[in-house]
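Chemist: All chains, full assembly: derive it from the sequences and hints.
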Amino acid sequence: MPTIVFIRHDGIEYRARAEVGQSVMQAALNASVPGILAECGGMLSCATCHGYIDPAWAVRLPAPSADERDMLQCVLDPRDESRLSCQLTVTEALDGLIVRLPKSQL
Amino acid sequence: MSEIAEIPAHVPAHLVFDVDPYNLSGGTEDPFRAWSSVQSKTPDVYFTPHFGGFWILNRAALISEVVADPVRFSSEGGVTIASAPGDNVPPFPPLNIDPPHHSFFRKPLSIALGPQNLQKLGVRTREIVIELIEGFRDRGECEFMTDFAQHVPIAILMEILGLPFADSAHLLPFADTVNHNSDVAERSKAVEEIVAYADRWVKERRTNPGSDLISKLTQIVVGDRPITHDEAVAMVTVLLIGGMDSVSLTMAAIMRFLAESRSHRERLVANPSLIPEVLDELLRRHSGAATARVVTADMELGGVQMKAGDRIFLTGWLHGMDPQAWNNPMEVDFSNRPRDILTFGKGIHKCVGANLARLEIRTLLEEWLARIPDFSIKPGDSVRTMPGQTLAFIYLPLIWPAPADA
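Listed in order, the protein sequences are those of chains A and B. The first sequence begins at 1015 in our numbering and counts up one residue at a time. The second sequence begins at 64 in our numbering and counts up one residue at a time.
Honestly, the hints are just simulated from the structure, not real lab data. Hints are not guaranteed to be accurate.
Derived DEER-like restraints, expressed as beta-carbon distance ranges [as the list claims (entries may be wrong)]:
hint	chain 1	residue 1	chain 2	residue 2	range
1	A	V1034	B	G89	47 to 53 Å
2	B	P272	A	S1118	30 to 36 Å
3	B	D444	A	P1048	30 to 36 Å
4	A	V1034	B	G286	29 to 35 Å
5	A	R1029	B	G203	53 to 59 Å
Ideal placement from N, C-alpha and C gives every residue a C-beta, glycine not left out.
Modeler: As structure tokens, this is what we get:
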């Protein structure tokens, strides 16, 4: 079972056990990681599952779709490393993935 | 009056109950308790012959399952239970549009109501809320709907749509009629007036486009063809009608609750940082909006046989008050942190304004309780509500100790 590491804005780490096939967003919700809102439940409609993907990992992820890029326009504090975690699917190869959380989703 | 249907052949007699959402016993005093009482006396899934006949679901799990499944349960047959007989159901994108076209209409709204814009809207919301409260604070009383609740959502909506704030005075009476008038002809006329207003502005923004939302709506591409004029007008119309009353009635329900519960009120006054934490618990208990779906193929739901074309009423309030989903659902417990409330729906049609609604309601509570911590329902007067497709509030008289001679 892969582990996803969420690092909060204040540096506190949460290690979430994730299931292959679920979204990184769902792994965060299941592990009650604070800082992911996911208001729309993964429909690419709310931009509140926003996270920053560590550059070392970003190259191993599929590029964002046009729809994800559109929604990334409206996240708070957008950066080059911004992704919407509902669009990232957990695989064994992502064991240890580091996701930094923004100060706030809203 | 509702059209009473003949019971369809596939609906067993023991599942038929005479429940009219527009005429509930006790519904004009406290529609939540009125519905909770009906919920306790009816099966998980039952049929009512009103408004052409439709199913009502009492179980949170079933409501949640249906509302989020656009394949088995379509929105294109309309998302309300009360159409006048023979009513056409025109498309009001994205509300009653199914995949694959739904997302083309939905996306610009999601962006317009996304986190970045919400920050700006939050500032404007707080300004309006403070101005309104300061306007009646010294009076020691107000009628919450006409003095406050009606004014906030429309002001923010005009901001989102890039429309002149002064026009809200023109639109408010029509929106009020659409949402609260029981006369079908009056409602139709009011809808036409709002459509006419939307039509003028869609034409204006097409001719002189800017960076505002209406301009963006006129530029939507639906699959492989541009959005039609009527679709753009319908989108503006549904925002103007649908985006207003649901916030007002939710604010009213929560304020009524706090007016009647000193202990809950005092906890929030003592610790305002609790407000955002308990907001969803307040919303769970006071979900006044509902939707509907049409079954797309014969199927079984909750042990009951349904046929293609059957309509199902899906209410936030029955979800939030279901004793099989929540402990003591009629009580507001500030230690609850409910996940998966259905106040805003679920799935692709989940309310695009959910975070805006939360923002407006939270701002109301923060600014009101800081200025008017102690308030109650005016003695000798009564709250009036109007249940139907929603649990609307008509009249909420509040009083509080006025400051000594200013």
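Chemist: Would you mind marking each hint as holding or not holding in the structure?
Modeler: Hints and how they fare:
no. : hint                          : in the structure
1   : A:V1034 to B:G89: 47 to 53 Å  : holds, 52 Å
2   : B:P272 to A:S1118: 30 to 36 Å : holds, 33 Å
3   : B:D444 to A:P1048: 30 to 36 Å : violated, 43 Å
4   : A:V1034 to B:G286: 29 to 35 Å : holds, 33 Å
5   : A:R1029 to B:G203: 53 to 59 Å : holds, 55 Å
The structure fails to meet hint 3 from the earlier list, while all remaining hints are met.
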